[in-house]
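Engineer: Mind assembling these two chains? They're in different frames, but the hints should get you there.
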Amino acid sequence: MAIVETRKLTKVFKRGNVGAVNNVDLESREGEFLVLLGPSGSGKTTLLRMIAGLEEPTSGDILIGGRVVNDLTPRERGIAMVFQSYALYPHLTAFKNIVFPLKAQGIAKAERQKRADWAASLLGIKHLFQRKPRELSGGERQRVALARAIVREPSLFLLDEPLSNLDAKLRASAREELEQFQKRIGTTAIYVTHDQVEAMAMGDRVVVMSQGSVRQIGTPAVVYDEPADTFVATFLGSPPMNILPANGVIVGFRPEHFLPPGVAERLGEHVSYQFRVTHSEYLGAERILYGTMEGGAFNERKVISRIPATHGAEISDGNVYSFAVANRDLKFFDPKTEKRTAAARPPS
Amino acid sequence: MRQRWLGPAMFMPAILYIFALVGVPFVMAFVYSVSDVKIGSEGYHFVGLHNFTSVIDSPSFRQAVKNSFIFTISSQILVLIGANILALALRDAFPGRRFMRFLVLLPWVAPVSIGSIGWKWILDSVYSVVNWVLVRFHFVKEFDAPVWLGIPKLAIISVILVHTWHMLPFATVILLAGLTAIPRDIPEAAAVDGAGFFRTLFQITIPMMLPIINVAVLFGAIFTFTDMTVIYILTRGGPFDSTQVIPSLAFFTGILGSDLSEGAAISIFMVPLLVIVSYFMLRTAHRAEVT
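As you go down the protein sequences, you meet chains A and B in turn. Read in our numbering, the first sequence has 28 at position 28, and its numbers run on one by one without any break. Read in our numbering, the second sequence has 268 at position 268, and its numbers run on one by one without any break.
Isolated chain B, as found in the complex (with noise of 0.2 Å):
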């Protein structure tokens, strides 16, 4: 009987992926933090909650945290405003739409860390390509120009732009399958009805559309929460930790800095707010296969 073990020998690849690198990690992680294993240290004992009350007493901590809510509504929202536009944009046939939708697609397809690299030289102190256009064009001075990723202010909106360029593609894609769905019908009989241009967008295709936005935008808040190519290659979390989220605080406490348990402690935050994440997800996507 070649089917019996065929099944399972097929998927025994997927399982032991998700057990050897995910499943375990995630156990390790509630193990050490409630331990004190550093890297090198020998032995483990248990210290109940202690790295918990010791992280959420850290300023960095609270400042990440509040960086990791502000960096993924905010990158969350200007994906979604410029995934709309892009797919109505690209709805409709116009010539060189083919070539459109690949570039638009690129930086999806580039590796984020190479992406980020180019953005990292593009806001560079000293050759920065946008500074260079804007003191050319006499928008800045040429010694008072912007330094992107030095100033707090400035470095999360230049990560949260970068983040957002990066994730433009992947959600434009997803509404451009939303908006495809929609019979023709539809936005014509809103049109005959009287609606205009934004009374149909707004009334029509977007509430028709909601739950294939809802899966763009739970998917994309998870990606989105849990990482910190962006902020690692462009910032290091820095300056002042303006930029630190949680996912880079506990790479660089645990990994980095060697404190194992507290920076399992800090990644452990996250857990409860991707299950709430994730419920939602799971309850849209069983909803549109119903209805």
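With the rest of the complex left out, here is chain A (with noise of 0.2 Å):
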């Protein structure tokens, strides 16, 4: 059974407007970490706060175990949320914020006690009981915030971008460490964030949002590899996907795809292209090539490609190199409907 469940869930916020979400069809495995990835303005957020039940539906139905509670309050629906500024509350001790949601639920002094050291040793933040959040380091409110998430044992975990006012060396280690502990806790989760990154590391699946529509669901390799549309494909990945337009269609490849002479004689099928390197960035580990295609069907098109930095290739600024795509990196697309499409001959 699914753990959430939505069913044509449509948020207008303005009448008349556009939707901030529209019929989204969503279905959460049992366990699942499941992450809605997106820029900001696709309704991912508005998506999670309608599961919390802190935003109203304009339409369509939230299932959580199987149950419709559009109609039930946050606190009817058994869930947890994480927010991104963590929303701890500032006049209670670290302690008193965890057991706050167990003495809404009237548990008993000693029960509460027993499940926050549960769930500070969970965290390694006992020393921290007595100190008022302001006293708290952004990794240690980040804890008490997931400490006071999971005393309750809920039956779903909601997280929206908890690691985005982490620095970036903390949340590198912070995400491993949440990735790891939701797999100790075996709770579905759902995670909001925009950064693709952290959704590719830690989401089992992904859910791309833009405009408030979903555009593709699937584990992070699919979503990569396979990308629904030209959204997605540009999206995820960084530098995007090229994408180049011509007779008809929309051809898509990944620049670590576009790959320089003598690699590409290795790939079996594959189509080359001529490329004029503009500039290079050299990045320790790769370095990534800007320029434009010469010749063929993609004239002046402007393409990108990585290439790791061991390729010992000799290529330098201006000049014009035979680069070569394996057929199989292809992808296709409509161009009216930007969605992918059959694979075709690749325009040479």
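One or more hints might be untrue.
As the list claims (entries may be wrong) - Below, a sample of chain B positions facing chain A; criterion: calculated Cβ distance under 7 Å:
#: 1; residue: L176
#: 2; residue: G178
#: 3; residue: A181
#: 4; residue: D185
#: 5; residue: I186
#: 6; residue: E188
#: 7; residue: A189
#: 8; residue: A191
#: 9; residue: V192
#: 10; residue: D193
#: 11; residue: G194
#: 12; residue: R199
#: 13; residue: M208
Unchecked claim - Taking CB as the label site, the calculated pair distances span:
#: 14; chain 1: A; residue 1: G16; chain 2: B; residue 2: R97; range: 20 to 28 Å
#: 15; chain 1: A; residue 1: E135; chain 2: B; residue 2: V275; range: 31 to 39 Å
#: 16; chain 1: B; residue 1: F99; chain 2: A; residue 2: G31; range: 30 to 38 Å
#: 17; chain 1: B; residue 1: P183; chain 2: A; residue 2: P240; range: 29 to 37 Å
#: 18; chain 1: A; residue 1: G318; chain 2: B; residue 2: T180; range: 58 to 66 Å
#: 19; chain 1: B; residue 1: I81; chain 2: A; residue 2: D117; range: 38 to 46 Å
Calculated directly from the structure, the hints in this document are not laboratory data. Virtual Cβ for every residue (Gly too), placed ideally from N, Cα, C.
Structural biologist: If you want it as structure tokens, here you go:
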């Protein structure tokens, strides 16, 4: 049974306007880490807030554990949420923050203490119990917010960009820790982020959203390798997929599949293009080459290539090289709908 | 060098004002309270603490002290409860909220004397509109309607309610500012954590607003404790001193009764209490700045 399901879920903030969330059908699986990924304004947070009960849907249904919960208050839904700002109660100590949901449930004091100890030992924050939120660092606040979310042993765990307030270094370790943590407690989690690296690294499945609609749902590998449309293709990956319209079709290929002479030959069936490198970036582990196509169907189109720095090719700015893409790495999209279409013969 | 005199010149009016209208009378009150000065009398004779002992012995004064505390404490409690309810009601958007906010502010904007005169008529023994309604709906008999300002218990209740009516808008505006300063996430987190309306209100919202509530209460307490407008217009301290407070007694004794020295002595009794309240007010203001 799906822990969370949404059916044709729609939210329109101002009548007559385009919905912030449009007809979203979603189904999470037991114990899964589901990531809602999209740029800002894509409706992912609104979707999460509707599941939490903080926002009322305009139409459609939300089911939690098979039951329609549209009319239930957040408190009746038995969920836990970690906010982007952590939303810790500033006047309460970390301990009182953590036991607040238990107190609201009317759980006895001894049991409260036991559960708080359990949550704190999982997150290693027992020594912070007597501190107020303002005396905690960003990472510590995040742990206290997590502890507050898990003490109730919720059936569902909602996370709204919980890592975005941490500095880059801390974010990477917190990401891994959070992922491990979710696996250990085994609670279904829905995680909102605009960071594709977070989404790819943490998600069992990724829901890519844009302008209130779901563009694609799939494992990180599927959404990356088999994008359903040009939005998904360009939103995921950095630098994004090269999208080149020609002859009534859009051809897409990832920069890391656009390979220099000497490598392309080993790919089996492939197409070659003349690539003029205009400038390049050396990033340590890899090199990013920016340039344009020379001649052929894609004449003058901008393309990017990403090659490992270990590849010793002598490539200098301003010169033209014969780059190639394996046929299996070419994706085709319909120019009207921008949806993926069947493989076709690549324009050369 | 223009700057050298411009600064002092700009705040000179404020200094002058405070010196002439607050500082001088304040010192005069102390000077008079230990003398036998009356309006029209010549000369100044030091009489020590004679005025103070005579004031303490007077039943009117004891009644006024008691009333001052009843008046201040009960009106502040009512203001606090009312302002909290109004602030909560006016926080979230609804059609006509701006108009409602304007209406709520009106009693504060209108001069307190004019408002009080209106209330004097509303509570009048003969023309009271309140009584007219009560009679029409058969809550009271026509010739047995309550005399709001003529019966001691009703009179103090009336005075407290009218003063509350006047103070409510200001407290509401302060609390509304405190309420809107709470990030939206916090009550939402409480909702998801399973807290209902009252748990969120008493364990989250009000504790978070406490510094600003303190400011509203201390300010309101000082204002109420030293105010006599409503009482002067509605009851003149009567019936039988039942609504007499320290400032009104000081005024009646010192100015209308010509006994300047005793009036001064009465008003001096407010100083210790106001010093204490001011101390707490400055402390909370300071703390609010730090955190």
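Engineer: Against each hint, give a clear statement of whether it holds in the structure.
Structural biologist: Structure-based check of all given hints:
no.: 1; hint: L176; in the structure: 19 Å, violated
no.: 2; hint: G178; in the structure: 13 Å, violated
no.: 3; hint: A181; in the structure: 11 Å, violated
no.: 4; hint: D185; in the structure: 4 Å, holds
no.: 5; hint: I186; in the structure: 5 Å, holds
no.: 6; hint: E188; in the structure: 5 Å, holds
no.: 7; hint: A189; in the structure: 4 Å, holds
no.: 8; hint: A191; in the structure: 4 Å, holds
no.: 9; hint: V192; in the structure: 5 Å, holds
no.: 10; hint: D193; in the structure: 4 Å, holds
no.: 11; hint: G194; in the structure: 4 Å, holds
no.: 12; hint: R199; in the structure: 6 Å, holds
no.: 13; hint: M208; in the structure: 6 Å, holds
no.: 14; hint: G16/A / R97/B: 20 to 28 Å; in the structure: 22 Å, holds
no.: 15; hint: E135/A / V275/B: 31 to 39 Å; in the structure: 34 Å, holds
no.: 16; hint: F99/B / G31/A: 30 to 38 Å; in the structure: 52 Å, violated
no.: 17; hint: P183/B / P240/A: 29 to 37 Å; in the structure: 35 Å, holds
no.: 18; hint: G318/A / T180/B: 58 to 66 Å; in the structure: 59 Å, holds
no.: 19; hint: I81/B / D117/A: 38 to 46 Å; in the structure: 39 Å, holds
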